[in-house]
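Next come the chains, spelled out residue by residue.
Number of protein chains: 4
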Amino acid sequence: MYKKIGVLTGGGDAPGLNAVIRAAVRTAIGEFGMRCIGIEDSFEGILGETQLRKLTTKTVSGILPRGGTILGTRNKGSFCKIVDGDMVIQEMPIDEALLNLVKNGIEALIVIGGEGTLAIAEEFHKRGFPVIGVPKTIDNDLSATELTFGFMTAIDIATEGLDRLHTTAASHDRVMIMEVMGRNTGWIALHAGLAGSADIILIPEIPFSFDSIVKKVYEREKTGSKFTNIVVAEGAIEVGKDEMYLDNKEMRLGGIGNYIRGRVEEITGKESRCVVLGHLQRGGSPNAFDRMLGTNFGACAVRALASGMKGEMVALRAGQVVNVPLADAIANVKCVSVDGQLVRTGRDIGISFAAPNEDDF
Amino acid sequence: MYKKIGVLTGGGDAPGLNAVIRAAVRTAIGEFGMRCIGIEDSFEGILGETQLRKLTTKTVSGILPRGGTILGTRNKGSFCKIVDGDMVIQEMPIDEALLNLVKNGIEALIVIGGEGTLAIAEEFHKRGFPVIGVPKTIDNDLSATELTFGFMTAIDIATEGLDRLHTTAASHDRVMIMEVMGRNTGWIALHAGLAGSADIILIPEIPFSFDSIVKKVYEREKTGSKFTNIVVAEGAIEVGKDEMYLDNKEMRLGGIGNYIRGRVEEITGKESRCVVLGHLQRGGSPNAFDRMLGTNFGACAVRALASGMKGEMVALRAGQVVNVPLADAIANVKCVSVDGQLVRTGRDIGISFAAPNEDDF
Amino acid sequence: MYKKIGVLTGGGDAPGLNAVIRAAVRTAIGEFGMRCIGIEDSFEGILGETQLRKLTTKTVSGILPRGGTILGTRNKGSFCKIVDGDMVIQEMPIDEALLNLVKNGIEALIVIGGEGTLAIAEEFHKRGFPVIGVPKTIDNDLSATELTFGFMTAIDIATEGLDRLHTTAASHDRVMIMEVMGRNTGWIALHAGLAGSADIILIPEIPFSFDSIVKKVYEREKTGSKFTNIVVAEGAIEVGKDEMYLDNKEMRLGGIGNYIRGRVEEITGKESRCVVLGHLQRGGSPNAFDRMLGTNFGACAVRALASGMKGEMVALRAGQVVNVPLADAIANVKCVSVDGQLVRTGRDIGISFAAPNEDDF
Amino acid sequence: MYKKIGVLTGGGDAPGLNAVIRAAVRTAIGEFGMRCIGIEDSFEGILGETQLRKLTTKTVSGILPRGGTILGTRNKGSFCKIVDGDMVIQEMPIDEALLNLVKNGIEALIVIGGEGTLAIAEEFHKRGFPVIGVPKTIDNDLSATELTFGFMTAIDIATEGLDRLHTTAASHDRVMIMEVMGRNTGWIALHAGLAGSADIILIPEIPFSFDSIVKKVYEREKTGSKFTNIVVAEGAIEVGKDEMYLDNKEMRLGGIGNYIRGRVEEITGKESRCVVLGHLQRGGSPNAFDRMLGTNFGACAVRALASGMKGEMVALRAGQVVNVPLADAIANVKCVSVDGQLVRTGRDIGISFAAPNEDDF
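Protein chains in written order, with this note's numbering: chain S, 1 to 361; chain R, 1 to 361; chain G, 1 to 361; chain F, 1 to 361.
Think of the hints as simulated: they come from the structure by calculation, not from any bench.
Chain copies aren't distinguished; within one or between two, either way the pair holds.
Taking lysine to any residue and the SDA-like style, the derived pairs with C-alpha atoms no more than 25 angstroms apart in a straight line are:
| no. | residue 1 | residue 2 |
| --- | --- | --- |
| 1 | Lys54 | Phe32 |
| 2 | Lys103 | Gly77 |
| 3 | Lys58 | Ile70 |
| 4 | Lys222 | Glu44 |
| 5 | Lys58 | Glu40 |
| 6 | Lys334 | Gln320 |
| 7 | Lys76 | Asn332 |
Just chain S, with the same shape it has in the complex (with noise of 0.2 angstroms):
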């Protein structure tokens, strides 16, 4: 049994970390007797003895329903590897790191974070370093697990916007766009489609045209509603272009929800109007599902840890958390199937994905 662990949270911020942290500790000290290091802003706390602060069930008492992370997190930092062509600009300071960790007592690390940051946790077990990972992404593309904390929020926040447009879009008549995070996938985009009730939805997997856009527009004013709800996730791309033009300046500062707005705009001549839901998506308070889940994924990575697991990360599926390998959770990114179960139960129920041959489905 180890002695001494490490928590810490890596890449960008999720409602429910800080329920992860909670129950890891609590877990850690009154099941297992252990004693709980907080390592901040993700593994920079490590290179710098300052940045390590002792855990007990008094610090993170009140802590479960509130947004970010008590920990602090990075998204890039000195474990960046940089390459340039063949050559490896930076490296990872795997070897500075553990022996900090030595130095430090610390004997094993609970690793909270998404893709980038298991991927580093993975390097720590390459080196023989005892580690359990946690996944996060807000974004659930995460093929290893079922759901992560922090999604059901972000739908929470995406659908309730979706909500309050409603009402303005059908008092002005307007075309009224929401743009959701998704830069790979449109998970969000499309729960939040769902049960905010949009008439169009725009995910990266479904490349769209504008055709297709206008041509909703039209039909649903032929049968007298004057206005239009489309949920576009940021990284949703228009049919035959590449990703490359949403790097041209006006894309950059507008994003592709107001690019839409723009030319909807002007081929329809409707008024349109375009929020960009941002930040708002991943901070707060997170919802009852994702405490409960951020809750049981720390206790269970915790008892992972306490039986002698390496190298693995909880995750959940068909409603149990289980253990599978740190490698597998960042294999491959899961994406939104496009024949699949809801993107079919958004066609039946009268929603537009806005595909080239959107009439074929």
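Given chain S's structure and the hints, the job is docking chains R, G and F onto it.
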């Protein structure tokens, strides 16, 4: 393919019923060209012609975010089989109902309801009438499906309630008790207790002792926490008592929560307060997950009908909606596993379930 | 200018107390260079040295959105004057308290509380000790101030409760009753009833008759609305009954709401349900208005102290925070005017107050 | 007494419009026996017969909690007087409108709208047509009324947004900027900033300097707070710049919030992010206060009509709804007083308004 189908909702209302109705109607009309008849007040509507009404895309417009059911519902009614010993006093009027369905041209039914409602649906199925069920149980106690709509919203409300009571408990050094739904199972209490930072969770599956409750209160006192939050399922039971003690007048009026409040105050001398959440848990707008799941259930149920299935029920398994026999759905109740993962996680993070031998865990 | 001031909160907790504390501490320290002492558990903290603690900008960081009071509170305590006929059994320990204040270098007090707490503050003022009051009453029944923090949050919660009950009532054709706070005044019931679409509002200022309640239920039935929503203040009273009828055991256990539920079900035969909101109304995060008003009250109270005022209370009048004598604040209760604007508006839009002569309005 | 009155809503939508419509219709029909005609899409509906529809108690049933306006609205339209220099290019079609009102038997109007809409209403009044106005401005900048519906809900949403951004800012050590409505006045930014714990508030009434912004960021850094939250009204302006700088393309696309984000990141090197709340602030369900105030306004407006008043507007003063001349309502804008109570309170608790001479306060 059916030309005309009926839709009805039975049993207690739950957030998400309207999402199911809306998706079923839109799918039936838009995807399969069926006509839809809304049957009011559960199966009662079949018995009298006045309570049938046409459902169109317009009729179900705007109902997604609304609680309750636009079709009305009934807890018990004419289809309640009444038995006195061996003698059947009232049979279900299935024959009459079948005649009326035929008379109105209704060729198949989508029945949305819990155990009792689905058992009646099963009777229609046995008589050869095509029926697909959609499971509804706010208590989440149907073994055939991992989750149903309404449960997550109930958990959100109960967790928000615990958050509110928490600050008052801490400010006044009180014992606060919140009674939630769950006559036979403790799912709501367990999930909300984990999400809402309860100190003690009392569920029907684990009979509680006042000694264990009081012990936890005093333990907290010693470590400087002068308040205690308790969440109790309405069906929680004191160890050694049979269920009948719930029938005495004090219990009937005040419920188990108020009973515990009185006894804890008596034993510990600490100010104690109780709130009974009651109907606040089942009304109102569904959260995003319940809207999404209800929508998926509704569309999948109609697709099942359209593909020729009969006597089946939609169910959620490992994130996918599948079909299972109606008979399975009503076979057995899903209870909280007393040595399962969530209870263990609860105990690991310091929550007491107040079993007589709570210290052994 | 004072060098050191004390801050305390007394009476029941209300959303916004922490906003007042935070603003008072930040203003005292940042603007006037005072030191701040937090006095725990209302005036009790003055009597024992252990319950005084230094408040700094760091101490009050992050408390704005939190319910309750970080200083703790007490409903009644050592400063409760106890009288038996002409004989004073317990005097307030003002002398002892003044000595302790001097001993701790505390030169002035900010006292945040309701009628009872401010009456004790007035005693300190009479003895020459500088004190400024901040009014707190979740019932909004202090005549000296138009509004206090906590009330708006309570109204939001009660209105959300009515929204939830509304859908269940309509789905099940029930009479739903929600009991809210208001022992002597009906402000919460009146505001929430108007905002939450109640059909009947029962307040202490207008004694109700069951005849009038039942008449409204039947009237609605005739126009096709088979359900009725009732909001009742806990202090509502049946016409012709004195307050003592609230003392019998049934009422004590179930409250006025459950009493009405039973009687209405008995008379009309309609399914009726009751929810008692209770402590859900006073805990939890304050809404934006209450945070803003609490903040303004806290800063204005310290400015008043700093400008040499004594024995005053901050109050809201026509959108501005002003100062009024403490004595005024505790002089009289603000009741709902039975022929005032809001009651008239209620009746104009079809709400019944169930007065015996309700038809005359 | 009028036999038939018309009701219309004009300008941008605001939470509470439906509350006004519902109360006006119920009062007119139930209390005064009038008939009600809903005029669609602001004054446009008067010009074409198709856009008039009968409003009954049933029509307005269930709309109280809904955002937007069931009557539709229009920002500008046929009644927009267009002037080029001294030449009037388009006159308001008042004559035509009056004829159509007479033709449809409409004898008086309830006009719900902002400055622009009420100015048109005033034109009808000048021509002798009975009209009563109800003020609507989500920015709360009408001097004739202390508060209007919609503002409080906007504040709640903006405050919740700040709460969400706060946790991300703290977790990532970022500067987070939230842009809120307020083209000419800073009421939303000021209230939300106080309620949502902003560190810097930028409003049109106090031109800001980047020096002052950066100074505050560094000051916080020194005391251990590595993050800063900024709320900025869309009409905030840099000192020394005229309003035209908002017209360059960068500003038009990104808005003032994104402009500040870029500059702050440039100067300080700190990661900065911006969220533009936009239409999220004006849609969706009104909070309890806005429903209550909207209801009271609607009933009072009809009572004013019924009592023979003309050319008046309802207004809130010291907690009471009173009547004031329409002409007053549109006379002048209510700005934030730069040395008023709320700004002073903000500065007292450590908020910077980033004036060039901010240190002097």
